[in-house]
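**Student:** Please build the complex by placing chain B on the supplied structure of chain A, with the hints as guidance.
Protein chains: 2
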Amino acid sequence: MSVVSVQKALSGDIGTGSEVTVRGWVRTRRDSKAGLSFVNLSDGSCFAPIQVVVPDSLENYESEVKRLSAGCGVIATGTLVPSQGAGQSFELQATAIEITGFVEDPETYPIQPKAHSLEFLREVAHLRPRTNLFGAVTRIRHCLAQAVHRFFHERGFYWISTPIITTSDAEGAGEMFRVSTLDLANLPRDAGGAVDFSRDFFGKETFLTVSGQLNVEAYCLALSKVYTFGPTFRAENSNTTRHLAEFWMIEPEIAFADLNDDANLAEEFLKYLFRAVLAERGDDMAFIAERVQKDAITRLEKFVEAPFARIEYGEAIRLLQASGRKFDYPVEWGLDLQTEHERWLTEEHVGRPVVVVNYPEHIKAFYMRLNDDGRTVAAMDVLAPGIGEIIGGSQREERLDVLDARMDKFGLDRGHYGWYRDFRRYGTVPHAGFGLGFERLVVYVCGLSNIRDAIPYPRAPGQAEY
Amino acid sequence: MSVVSVQKALSGDIGTGSEVTVRGWVRTRRDSKAGLSFVNLSDGSCFAPIQVVVPDSLENYESEVKRLSAGCGVIATGTLVPSQGAGQSFELQATAIEITGFVEDPETYPIQPKAHSLEFLREVAHLRPRTNLFGAVTRIRHCLAQAVHRFFHERGFYWISTPIITTSDAEGAGEMFRVSTLDLANLPRDAGGAVDFSRDFFGKETFLTVSGQLNVEAYCLALSKVYTFGPTFRAENSNTTRHLAEFWMIEPEIAFADLNDDANLAEEFLKYLFRAVLAERGDDMAFIAERVQKDAITRLEKFVEAPFARIEYGEAIRLLQASGRKFDYPVEWGLDLQTEHERWLTEEHVGRPVVVVNYPEHIKAFYMRLNDDGRTVAAMDVLAPGIGEIIGGSQREERLDVLDARMDKFGLDRGHYGWYRDFRRYGTVPHAGFGLGFERLVVYVCGLSNIRDAIPYPRAPGQAEY
Chain A
240 MSVVSVQKAL SGDIGTGSEV TVRGWVRTRR DSKAGLSFVN LSDGSCFAPI
290 QVVVPDSLEN YESEVKRLSA GCGVIATGTL VPSQGAGQSF ELQATAIEIT
340 GFVEDPETYP IQPKAHSLEF LREVAHLRPR TNLFGAVTRI RHCLAQAVHR
390 FFHERGFYWI STPIITTSDA EGAGEMFRVS TLDLANLPRD AGGAVDFSRD
440 FFGKETFLTV SGQLNVEAYC LALSKVYTFG PTFRAENSNT TRHLAEFWMI
490 EPEIAFADLN DDANLAEEFL KYLFRAVLAE RGDDMAFIAE RVQKDAITRL
540 EKFVEAPFAR IEYGEAIRLL QASGRKFDYP VEWGLDLQTE HERWLTEEHV
590 GRPVVVVNYP EHIKAFYMRL NDDGRTVAAM DVLAPGIGEI IGGSQREERL
640 DVLDARMDKF GLDRGHYGWY RDFRRYGTVP HAGFGLGFER LVVYVCGLSN
690 IRDAIPYPRA PGQAEY
Chain B
240 MSVVSVQKAL SGDIGTGSEV TVRGWVRTRR DSKAGLSFVN LSDGSCFAPI
290 QVVVPDSLEN YESEVKRLSA GCGVIATGTL VPSQGAGQSF ELQATAIEIT
340 GFVEDPETYP IQPKAHSLEF LREVAHLRPR TNLFGAVTRI RHCLAQAVHR
390 FFHERGFYWI STPIITTSDA EGAGEMFRVS TLDLANLPRD AGGAVDFSRD
440 FFGKETFLTV SGQLNVEAYC LALSKVYTFG PTFRAENSNT TRHLAEFWMI
490 EPEIAFADLN DDANLAEEFL KYLFRAVLAE RGDDMAFIAE RVQKDAITRL
540 EKFVEAPFAR IEYGEAIRLL QASGRKFDYP VEWGLDLQTE HERWLTEEHV
590 GRPVVVVNYP EHIKAFYMRL NDDGRTVAAM DVLAPGIGEI IGGSQREERL
640 DVLDARMDKF GLDRGHYGWY RDFRRYGTVP HAGFGLGFER LVVYVCGLSN
690 IRDAIPYPRA PGQAEY
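Chains as they are written, first to last, in the working numbering: chain A, 240 to 705; chain B, 240 to 705.
Chain A extracted, bound-state conformation:
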């Protein structure tokens, strides 16, 4: 008798007639008039539950088996046999059923065997992984995360954990959360009456990071190929379906590289991830395609086959202006592209993913490399059908004098960025990188419409239960 996962029991790798034990939680129970109960048991190892056929000859049949309801914890031992029913390869003919835990009050158990609204399930985030959808999302998310690490590892990248608590504002772009151990009821003050941060834990003001990029650049200029994969934070009070206050970000950085190398890496990376999902999570993706997003599988297949288009920002503006399309936001050289513009480009104009490159310098961050035209920087956005912008990246300004001039222009204090200037003083090399919000990726692959469903416990304005 060996304990196996449901995934293993259904895989066909175990001989018919084998005695095995499976363990999990009841999804449904159905009793037949012939004195049998059919208990669907899920252990989360794969999408499908296994059907356990329980005869009324078991001594705890009346006392316990007949009381089983959705959510009960069960250990089932029996013989694995080919299933008679449709849609399932094997079933378990039980010889013993042990219940580890009943459901206290089946009537009020939140995860009933029926469809729940996503809003409701967000209120019970600790129980939602027991549903079909969140089981699938969790496994797909895991598959994507593994593929991220594997992709970079296979290509000689090193994982760098950049600081979560930081004194620097990576881009001047995001609102930041303060991190402090000061006693709010009794704040220390300096002579002028201002809060005295020299008394705080780190001896200065600290915040949660908005990006690991600046820190990982330093490692890039020593180890050549590096990446981060860690949490980042934005304190913007935007209560939308597209923003999280806490989310995971992937930021590779490559040395001796230009914007073209960066775009190549982004394309190879996204295709690798989607191929992994298609190859490894067929069961969950079939459910997503059936219940959430009809073209979930075909659009990934199309994505990995199509070569990305590349287009200059200036050309994108001309195309949008010539499109004859009415947009809500103005289209003009020097203005940033809005989602409606991005989606027209990728969905209607080219019909596949497109990398837009070389944006006006004044709408992009200070660290992006100034092009020879003096008015654009070597920035890129990767746009994809069905989602819009999914990756943003750039070649970094490796020339110290140009960087300094741009920092002055952006009103940034050189002294504050002393260490960031340093590795441009010491053996600077062209380098480039990009950032990808991990939950944006999960939203896309799983066809979700709210990013709060793409992370186990969402953090958004007003939402920090658990």
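Source of the hints: derived by calculation from the structure; they are not laboratory data. Careful: at least some of the hints might be erroneous.
Sample of chain A residues facing chain B (criterion: CB under 10 angstroms; computed from the structure) [what the hints assert, rightly or not]:
1) V242
2) Q246
3) T420
4) P697
We put the beta carbon where it would ideally sit given N, CA and C, even for glycine.
**Tutor:** This is chain B only, laid out in the frame that chain A set:
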């Protein structure tokens, strides 16, 4: 002509006589009287640099090559040939050298080709990956992180990212950092004059997590085998060589499992990680063994071969009392084991890793499962020679009534832990897990004496540069 990493160039996988380009940063330059310069170039892809032999016939030889100093960024093209020198398989006979960046003032460049104190290097954390030691530590750390994800993936575990910002104090054990967007200069007050956290970003008080365990348990009771690998925080003002304010933690959790399963998993896990380092980072470990910790390799080899011992806490107390050894801290049933006790047990008494199990209930956390004796809990600590405690874990209390009684005893508010109680009301199952500080692992493998050297940018009291 193809661009290759130094690792690839030295690997023997490229035919002798091939024309290749390597890129990296100068470690040393030596000029011979015969009109040749020997430039050691490192790109971080492996421990060894490659020797580039530059003839004075190159047109930029006098103007540029002769100015090369440690840290300069270089692109070298030439012919790969077997090396005449000892200790190196191949070298590059350069036909072209391009310098992407000189070092501004070689005299003051912090990373000179000599030994630096670790204290000094901590002050230039953005440049220390350019040293032999921190290059090695970074690659070993990466190898360990990859092995963590691979180990769990191969065994059907799913990665869960638990919240970084949280409202719950996982263990009541650690001092926490506050996370807030309130304006400190102008704190909102409620009618009673207390700080009004309903006006804070999340509408309540929030902190940085000290552990993802409670959150990951909920996922375990849906997906059976899960793990976290993410940052955790402790605001203890302990300025020691063993504490970080921000560090990464690995927390697996398994359903239908007891303390014995937990100990088995811990043993298998640690051995897997160390085997990965031995197999994949021989170059860096050879350096560690030569310069940092003489037995760095042999102790890992010994570790993976030895079966862990298992010992009851009560028996450990008896052994310590009978040892005839004078300890600084008292040894008595009911007191926690101190590092000196742990090291005696693992290093002197059993001479290999040992798992101590079943600790007195009052010295362990409320969520650990009460044993039938009523006075111990199913807790374990894994102790290893050379480091002491490396893993702490337990079987979790899955019986709601017992958990409630223990929460009462610890003075914890049941209402605050409502969701944690929930999955014990709904199909509870025996489950267990453990926690492992990732940097502790890096410290051990790399033979470091200060944990601040085990993470790219350390965070400790008073230390949050970058």
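**Student:** When the structure is checked against the list of hints, which entries are broken? Sort them ascending.
**Tutor:** Structure breaks no hint.
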